[in-house]
Each structure stands twice: as C-alpha cells, then as structure tokens.
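**Q** Here are the chains, one letter per residue:
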Amino acid sequence: MKSLEPVIRELLIETADATDCELTGELNADTVLLECGLDSIGFAFLVARLEEDFGFDPFVALENAEYPRTWSEFVSIYDNHASREV
Amino acid sequence: MSGPKIDFVSITKSDIEQVRNWRNKPRIRQNSLDDSVISSEQQLNWFNGLLGDNARKYFIIHLDGRPVGVLNFFEILEGESCKWGCYIGEERVWPGMGLVLNFASLEYAFHCMGLNKLVGEVIESNHTALKLNRYFEWSESPGSKTVARGEDVFRVIEFSFTRDSWADCRDSMLDRLPEQISRACQKIEFIEVR
Chain A
1 MKSLEPVIRE LLIETADATD CELTGELNAD TVLLECGLDS IGFAFLVARL EEDFGFDPFV
61 ALENAEYPRT WSEFVSIYDN HASREV
Chain B
1 MSGPKIDFVS ITKSDIEQVR NWRNKPRIRQ NSLDDSVISS EQQLNWFNGL LGDNARKYFI
61 IHLDGRPVGV LNFFEILEGE SCKWGCYIGE ERVWPGMGLV LNFASLEYAF HCMGLNKLVG
121 EVIESNHTAL KLNRYFEWSE SPGSKTVARG EDVFRVIEFS FTRDSWADCR DSMLDRLPEQ
181 ISRACQKIEF IEVR
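Read top to bottom, the protein sequences are chains A and B.
Its first residue numbered 1, the first sequence is counted upward by one per residue in our numbering.
Its first residue numbered 1, the second sequence is counted upward by one per residue in our numbering.
One chain only, chain B, in its complex shape (with noise of 0.2 angstroms):
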C-alpha cells in the first residue's frame, strides 16, 4: 500500500539492447538531439566507451523494479555542472511519473554529485518536456544551437538550475507537487554500480 516505487540503477551490458529498442523509437529519436538509429554494434562501442568515463552516468529508471526508462547525465564536470537527460521507453508506465524525473535531476545533480549547476537541453517541439522544465521553474534562454527533423528546423532552449536554488525551491517545490508525485520523489534511490 506504499505506492509506486522509482528507482535509478547504474546501467549494465545486460541492459543495453533494451535501451537501445528504447532510443530507436520514433517517439524518442524525435525528440533527442541526436535522432540517428543506432545499431546493436554502435550500441556495444558506446557501452565499452562508459566504462571508466567519469564524465558520463547512465541510469535505468525501475518502476516498482521494471525497467522503463533512462535517465543520464553527462559533460560532468567534478565539483561544477553537467547536462541530463531522460526518456520513458515503455508504454505501460504510472501516469504522472515524468515529474519525478525532473527531480531526480535536481536531487542527483546537488545531492549525490555535488555539483554547482546542473544543465538541460530540450527541442522547442518537445512541448511536455518543455513544460515539466517551466513547472519545476528551471531558468531559461534561447540557446544557440538548432536541430533539424525533416524539413523543419528547431531551436534547442537551455534550462539550467543552480545549487542553491535548488536548495531554496526544493521543499516548497514537494509541497506544490500532487500529492502521489511527492511521496515518490522523497522515496526514489539511486542504486550505483561502481
């Protein structure tokens, strides 16, 4: 009677065929930076390039202890700033639960890594990631770079959030959050594999 559980577990070589149907998925590709599909071998050289890259941490998110997502943070640098992201890969997931990823951002970012800024780049197309940003009051700028998907070319806006103010919005954020979405979020765990 706890409610859904959401857990953040190191990626594995196990897990890379399923990230990798995940990413491949229309739905995702168009709304990644990136939208090339990757194949199985692309896939096994971008897992061995991980390995001991500091700079870089994949998550497979577990609802109630199925995979359904990734959540990843990379350009880290020690003691200042990274950039995030995420995807739900699955279709069968708890409705709502893209708000607890935002915070697990935010809660990994500060918390366990320690860093000053964390850094978040979304296609202006990608309208609920740009509105889960804007609810969570990430500061915004036009950015400079564009993508182009088809015949269409779109901007990339930069959401950014500092330490401490994280720090000064985070309580009051769990208050504003829908109730069910706030006991997640205080019970979400980051399990890493070192």
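The shape of chain A in the complex, shown without the other chains (with noise of 0.2 angstroms):
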C-alpha cells in the first residue's frame, strides 16, 4: 500500500499557508513537529482537514496514546490507520 506521505506534505504546505505559518525549511523524516513551522493553529487545521480527504482521524483511536514526535510518525499514524481500514 503506497503511504500518505506525499497527500499529507502537499496539504500541509497548503495549511501553512492558509495559516500563514512560514515553515523552517525542508521537511524530513527526522524533522521534529514542534520545530518544523507549523504552529498550533495550523497543526489543528491539518488534521481537519485531512480527516476531509482521508475519511478518519487516526488520533480518536490512536493506540497507547503514542502521538507523535517527528514527521515520520506523524505520517506512519495516518499510514497505520489507513492500512487497518483496507
């Protein structure tokens, strides 16, 4: 199953700039969230809105609360969820 990945980065440069959040620089597996240039706000559009696009949000069910730290497993969160749907 192909991942998220590229659907996810695509939407959140778009709600960077709805959000006029000026991201730090290229996004990477290793890029921790909270430094990347997406605040609060912009983090709480994203998931919105990909909750529009992909149907579920994969943290009301997140097992053992493992949120994530860096990009990678922010993005293996989506591909998880999606993968337990197919």
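Each hint should be verified, as a subset may be incorrect.
[As the list claims (entries may be wrong)] A short list of chain A residues far from chain B (calculated; beta carbon distances all over 12 angstroms): (1) M1; (2) E10; (3) I13; (4) G25; (5) E26; (6) A82.
[To be verified] Listed next, the stretches of chain B that the computed footprint assigns to chain A, with coverage defined by at least 3 CB atoms under 8 angstroms from CB atoms of chain A: (7) 37 to 51; (8) 58 to 71; (9) 124 to 136; (10) 174 to 185.
Because the hints were derived from the structure by calculation, they are not lab data.
For each residue, glycine too, the CB sits at the ideal point set by N, CA and C.
With the hints as a guide, dock the two chains, each given alone in a separate frame, to form the complex.
**A** This is the structure in structure tokens:
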C-alpha cells in the first residue's frame, strides 16, 4: 500500500500558507513537529483537513496514545490507520 | 474511540522535578518572562511557597493521563482577576492541542474561579502564542514591559478577556474551532487537590 506521505505533505504546505505559518525548511523523516514551523493552529486545521480528505482522524482511536514527535511518526500514524481500514 | 482527553490536575511535590526539566528547556525559557535556569533547590522553595498561597494555582496538563505540560494562574484577586500562562514541555503530544489550553484557561477563570477578567502576557517574539490569543479574539494592548533576550529587547504584549465577553463568544468559538479540538474542549476536566 502506498504511503499517504505525499498527500499529507502537500496539505501541510497548503495549511501553512492558509494559517500564516512559515515552514522552517525541507521536511524530512526526523524533522521534529514542534520545530517545523507549523504551529498549534496550523496542525489543528491540518488534522481536520486530512480527516475531510481521508475520511478518518487517526488520533480519535490512537492505540497506547503514542503521539508523534517527528514528521515520519506523524505520517506513520496515518499510514497505519489507513492500512487497518483496507 | 472518543479522541484525546486533556485534564488539568493540581501540581504535587512528585511533579516538581518534571516541571523543572520542562521549564529549563531552551524553547520554554525563550518564551518565559523570566528565562533564568532553575535549580532543584529553587524549585523546591518555589513549590513550598505555593502551599497555602491562594493567589497562585498550578496544574499539570495530562494528555490521555500522561503529563505533558503546565497551566498556571497567578496574581489571583478573588472575585476580580488573575493572570495565566502555560507551556507544553513534552514533544510527543497531540498536534494542535495548544488551542485547547487557551480555551481551558478561559473556562477555569470564569466558570471555576468566577473571576471577571483574565490577563495573559506574551513576549512579542512568541508568534505561536500571539496567534493563538488573536484567534480567540483576546483584547490586546501593547503593555509597558519589555524583556531582554541576548542583545535583543522585546515588548510584552498584554491580552485580556472579560467574563461577559467570554459568555458572549464561548459557544461560537466552539463552533469555529476545528471539530476535533472543539470535542476535546468540551471534555476538559480540572482535578483539584486541596
């Protein structure tokens, strides 16, 4: 199954623009979310936008409440949830 | 399947080293009015000073039962006003939860403490906090304080909210917030140990 990373990345960039956030640089797997430039408002709207697009919010049913620290962990939460829905 | 749950639990002595570790992180200090590094001894003295002090309240923010940060109220004048502050010390948190903290501060000040006015002070370089307060439509004034960070001097912006203003806009704010944030706001709990 293909990763949702490209879609999430595109929507993150769109959301950053819409919420007046300046991304600090190229997102890579180890980029810490708190340091990527998308702030709390931006992430809140990104998660809502991803729910509209994907039809799910993985944080609603996150097992062990293992919240993401990095970009790759954020994407993995969506990929893992999507793979369970197939 | 109910989504993240955010609770605010009165600080206890067993929390204070964790709080000191968070408070001493550079990213927290750079946005604090007092950016000094805190020692264990200072932290213990600070905590002992909190006991029996009705002008200050400190809560540990719990995300699904796990401590992640601090929400505090100070300069509390019973029936009148107080100031507030918060920070998220952990990096592994629910993305976007800062909005819930802003909502929680207003709920606690007006519904739990019955105050008439809540005030927040934000260093002008703290863009995240400025944006959060502006999103919630706090009244804003330049204030007269400044803080030095290295060779730079920044203004401290004062934000205030009155109980009447919050009563007028609380429900519309819940409608305006992203849905998952609004749901979390409606589930917050303050757990006070007296």
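**Q** Would you mind marking each hint as holding or not holding in the structure?
**A** Evaluation of the provided hints:
No Cβ of chain B approaches the Cβ of A/M1 within 12 angstroms, the least distance being about 23 angstroms, so the stated non-interface status holds. No beta-carbon of chain B is positioned within 12 angstroms of the beta-carbon of A/E10; the least distance is around 17 angstroms. For A/I13, the condition that its CB be more than 12 angstroms from all CB atoms of chain B holds, with the nearest at approximately 16 angstroms. Non-interface call for A/G25 relative to chain B: holds, since the shortest CB-CB distance, roughly 17 angstroms, exceeds 12 angstroms.
Every beta carbon of chain B lies more than 12 angstroms from that of A/E26, the smallest distance being close to 19 angstroms; the non-interface claim holds. Once the 12 angstroms rule is applied to beta carbons, A/A82 is consistent with being away from chain B; the minimum gap is 17 angstroms. Counting residues of the stretch 37 to 51 of chain B whose CB lies closer than 8 angstroms to any CB of chain A gives 0, so the stated coverage by that chain is violated, three being the minimum. For the stretch 58 to 71 of chain B, the assignment as covered by chain A holds, since 4 residues bring a beta-carbon within under 8 angstroms of that chain's beta-carbons and 3 suffice.
With 5 residues having a beta carbon nearer than 8 angstroms to a beta carbon of chain A, the stretch 124 to 136 of chain B meets the requirement of three or more and the stated coverage holds. Residue count for the stretch 174 to 185 of chain B with a Cβ under 8 angstroms from a Cβ of chain A: 5. That meets the three needed, and the coverage hint holds.
Hint compliance for this structure: hint 7 alone is broken.
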